[in-house]
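Engineer: Sequence:
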Amino acid sequence: MIIKILISYMIGYLGLTIEGYYIERFINMCRNNKIDIWHLKRKKEVQLDFRIGIHDFKEVCKIAKKTRCKVKINSKRGLPFLLHRYKKRKIFFVLLLMVIFLTVLSSNFVWNVDIQEENGQQLENIAKDIEDAGLKIGEWKANINTKEMINKIRLQRSDIAWMGIELKGTNAIVKIVKADGKPDIINDDEFCSIISDKVGVITKVNAQTGTANVQVGDTVNLGDTLINGWMEGKYTGIRYVHAKGEVQAKVWHTKYKNIPYQTTQKVETGNTEQQYTVKLNNFKINLHKGVSKFQIYDTIETENKMKLFSDFYLPISILKTTYKEVEEKPKIYEIEEAKELGIQELQEELEKEIEDKESIVGKNINTYEKEGSIDVYVTYEVLENIGTKEKIVF
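Going by the numbering used here, the sequence shown opens with residue 17, and the numbers climb by one from there.
Derived from the structure by calculation, the hints contain no laboratory data. Note that the structure is a prediction, hence the values are computed from the model and not measured. Backbone N, C-alpha and C fix where the C-beta goes; we use that ideal spot for every residue, glycine too. It cannot be assumed that every hint is accurate.
[Said to hold, decoys possible] List of simulated lysine to any residue pairs, SDA-like, C-alpha gap at most 20 angstroms:
| no. | residue 1 | residue 2 |
| --- | --- | --- |
| 1 | Lys323 | Ile334 |
| 2 | Lys214 | Thr235 |
| 3 | Lys282 | Ile334 |
| 4 | Lys82 | Gly36 |
| 5 | Lys295 | Thr119 |
| 6 | Lys88 | His55 |
| 7 | Lys323 | Ile70 |
| 8 | Lys86 | Ile70 |
| 9 | Lys407 | Asp205 |
| 10 | Lys157 | Lys323 |
| 11 | Lys214 | Lys379 |
| 12 | Lys81 | Glu35 |
| 13 | Lys88 | His71 |
| 14 | Lys336 | Thr315 |
| 15 | Lys81 | Thr33 |
| 16 | Lys273 | Gly150 |
| 17 | Lys214 | Lys191 |
| 18 | Lys407 | Glu206 |
| 19 | Lys323 | Leu118 |
| 20 | Lys191 | Gly150 |
| 21 | Lys379 | Glu367 |
| 22 | Lys92 | Met26 |
| 23 | Lys194 | Asp372 |
| 24 | Lys273 | Lys347 |
| 25 | Lys92 | Glu75 |
| 26 | Lys266 | Val230 |
[What the hints assert, rightly or not] Label-pair ranges, simulated between beta-carbon atoms:
| no. | residue 1 | residue 2 | range |
| --- | --- | --- | --- |
| 27 | Ala143 | Val217 | 35 to 45 angstroms |
| 28 | Met114 | Glu343 | 47 to 57 angstroms |
| 29 | Asp52 | Gln132 | 36 to 46 angstroms |
| 30 | Asn298 | Arg93 | 18 to 28 angstroms |
| 31 | Glu344 | Gly261 | 56 to 66 angstroms |
| 32 | Ser174 | Pro276 | 37 to 47 angstroms |
| 33 | Gly286 | Phe73 | 54 to 64 angstroms |
| 34 | Lys300 | Phe325 | 18 to 28 angstroms |
Please work from the sequences and hints to get the whole structure.
Structural biologist: Right, dumping it as structure tokens:
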């Protein structure tokens, strides 16, 4: 729709009013003759406002004559009329040519880097690594070799399973799939055992290859052998293998928090202040003076990048800084209130940490009252597959 409006503005369009008793017939004849009409607005029973391209005006007049309707021009819009109006103003044309030239020139640069991580997972320092690889704001698109950049970043990081870079307009779209944290790969032809990588109580053991070293109900610590990388036969004796199998255990996730009975709490007053800054690539122009008049406040910053189309960004953005005034007020918790607050916050943290909520089989909450505060411990019992492979060294 935006492109159609821009094209109409480039070639010029007219705002017309038609009056007569055969308006519906007029509209049908226009459509049969493939004349685009838009922005239709019925004013009266016998009167209609609409817009057409200037190249269709003669044909519209012929159709109006056939349908016994009167046509009146209300407005003239578009570049041809604008140029005609300012044809004697040389400075305007110079500025117009400069704008066109700068727009065309800027289309050869990257003005926005959009990093899209699968499932909203955040990779630490990924934006800096992408910039260090050469993909940054203001980079000449002809100098960007996406394959080399991807290889460079993946060699530096082990937490990326897949990565892709697509250049669309002045926008660089970086798509990333995070890799699961896995131990070093041991080839199938190498001998290895499976050892515990967590503390827990065994609930299930299935040794596909190798010899189980634990059984259900055993407590294991870090580094304990779960499945030995050898098998013993009556006639073959001991032979070493590449251990394979599944070991499930009940493990514990514990969080701690100290909640003081007396504290201060920030409360918003409802008063806000907004300041704007124009950013031209790395150059900033402040449209305000000084800092916020509030003594205590929270700051929220947003950046709105200018663009012509969905993927045609310009090297101009508006930075909006919002200051929200807050007051620090004393807050006194009763013992039970402090306890409930600590339990709620710790449970929220644990549930964010544990992806599979159905694997939670138990909760344990402990609180210890102290002078002026309370210690809260929350433990979740979770069923997890444990174990990592360890190469057998002779």
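Engineer: Against this structure, judge whether each hint is valid.
Structural biologist: Results of checking the hints against the structure:
no. : hint                                : verdict
1   : Lys323 / Ile334                     : holds (11 angstroms)
2   : Lys214 / Thr235                     : holds (10 angstroms)
3   : Lys282 / Ile334                     : violated (29 angstroms)
4   : Lys82 / Gly36                       : holds (11 angstroms)
5   : Lys295 / Thr119                     : holds (17 angstroms)
6   : Lys88 / His55                       : holds (16 angstroms)
7   : Lys323 / Ile70                      : violated (28 angstroms)
8   : Lys86 / Ile70                       : holds (17 angstroms)
9   : Lys407 / Asp205                     : holds (11 angstroms)
10  : Lys157 / Lys323                     : holds (17 angstroms)
11  : Lys214 / Lys379                     : holds (18 angstroms)
12  : Lys81 / Glu35                       : holds (11 angstroms)
13  : Lys88 / His71                       : holds (16 angstroms)
14  : Lys336 / Thr315                     : holds (10 angstroms)
15  : Lys81 / Thr33                       : holds (14 angstroms)
16  : Lys273 / Gly150                     : violated (43 angstroms)
17  : Lys214 / Lys191                     : violated (33 angstroms)
18  : Lys407 / Glu206                     : holds (7 angstroms)
19  : Lys323 / Leu118                     : holds (14 angstroms)
20  : Lys191 / Gly150                     : holds (16 angstroms)
21  : Lys379 / Glu367                     : holds (12 angstroms)
22  : Lys92 / Met26                       : holds (12 angstroms)
23  : Lys194 / Asp372                     : holds (18 angstroms)
24  : Lys273 / Lys347                     : holds (18 angstroms)
25  : Lys92 / Glu75                       : holds (17 angstroms)
26  : Lys266 / Val230                     : holds (14 angstroms)
27  : Ala143 / Val217: 35 to 45 angstroms : holds (42 angstroms)
28  : Met114 / Glu343: 47 to 57 angstroms : holds (51 angstroms)
29  : Asp52 / Gln132: 36 to 46 angstroms  : holds (37 angstroms)
30  : Asn298 / Arg93: 18 to 28 angstroms  : violated (38 angstroms)
31  : Glu344 / Gly261: 56 to 66 angstroms : holds (57 angstroms)
32  : Ser174 / Pro276: 37 to 47 angstroms : holds (41 angstroms)
33  : Gly286 / Phe73: 54 to 64 angstroms  : holds (55 angstroms)
34  : Lys300 / Phe325: 18 to 28 angstroms : holds (25 angstroms)
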